[in-house]
Structure formats: C-alpha cells, structure tokens
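Engineer: Sequence:
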Amino acid sequence: MSESLGWAKRPMLQRVHLLPPSLPVTLLYGARSWVDSSSGLRMGQLRPQGYTSVVIVEGASHHVYADQPEEFNRVVQEICDSVD
5 MSESLGWAKR
15 PMLQRVHLLP
25 PSLPVTLLYG
35 ARSWVDSSSG
45 LRMGQLRPQG
55 YTSVVIVEGA
65 SHHVYADQPE
75 EFNRVVQEIC
85 DSVD
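FYI, the numbering for the sequence shown is 5 to 88, going by the numbering used here.
Since the hints were made in silico from the structure, they are not lab data. Backbone N, C-alpha and C fix where the C-beta goes; we use that ideal spot for every residue, glycine too. Please note that the accuracy of each hint is not assured.
[Unchecked claim] Ranges of calculated distance between the beta carbons of each label pair, as one might list FRET restraints:
id : residue 1 : residue 2 : range
1  : Ser-26    : Arg-46    : 15 to 25 Å
2  : Asp-85    : Lys-13    : 28 to 38 Å
3  : Arg-14    : Leu-45    : 33 to 43 Å
Please model the entire structure based on the sequences and the hints provided.
Structural biologist: See the structure below:
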C-alpha cells in the first residue's frame, strides 16, 4: 500500500480521471497534517465535471478523528446527509 518511507505506491492523483463524474469526493485534512492538502485541490482540477470538496479541520493533525472528534463527526455527518 505504501513505499518504505510512507509514500503511496499508486498515488490516487494518477488515477483520479478514472472516477465517474457522478461520484462525489470529499477529502478531509487536518490543518497540521504532514499530508499536503494541495493534492486535494489538484484532484478538483483533474475532475472538472465531478464534485470534489476539500475540508481542512483546524487544530487537527493527520488523525483528524482523534484530534478534533466533534468536528470530524460533524463533517462526516454533513457528507452523509448530502448524499442519497
């Protein structure tokens, strides 16, 4: 799933064009995460016909669910409520 130093073996950005435009995608990042959220913004650029949202949670690191559990749950609930 990942290379020895934590890099993805098959980065999603190289395959995002394969996702159907009808599939909504929301990417959730912690503001203090080591994962660069610019890849989420790039995903939106690569899917101009599809819905792509980037949510950045303040006060959270990579483990958003642990650092900001209430905000994580609120965002996930909002996402779930928005789909059929």
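Engineer: Could you run down the list of hints and mark each one as holding or not?
Structural biologist: Hint check:
{"no.": "1", "hint": "Ser-26 <-> Arg-46: 15 to 25 Å", "verdict": "20 Å, holds"}
{"no.": "2", "hint": "Asp-85 <-> Lys-13: 28 to 38 Å", "verdict": "34 Å, holds"}
{"no.": "3", "hint": "Arg-14 <-> Leu-45: 33 to 43 Å", "verdict": "20 Å, violated"}
The structure does not agree with numbered hint 3 stated previously, though it agrees with all others.
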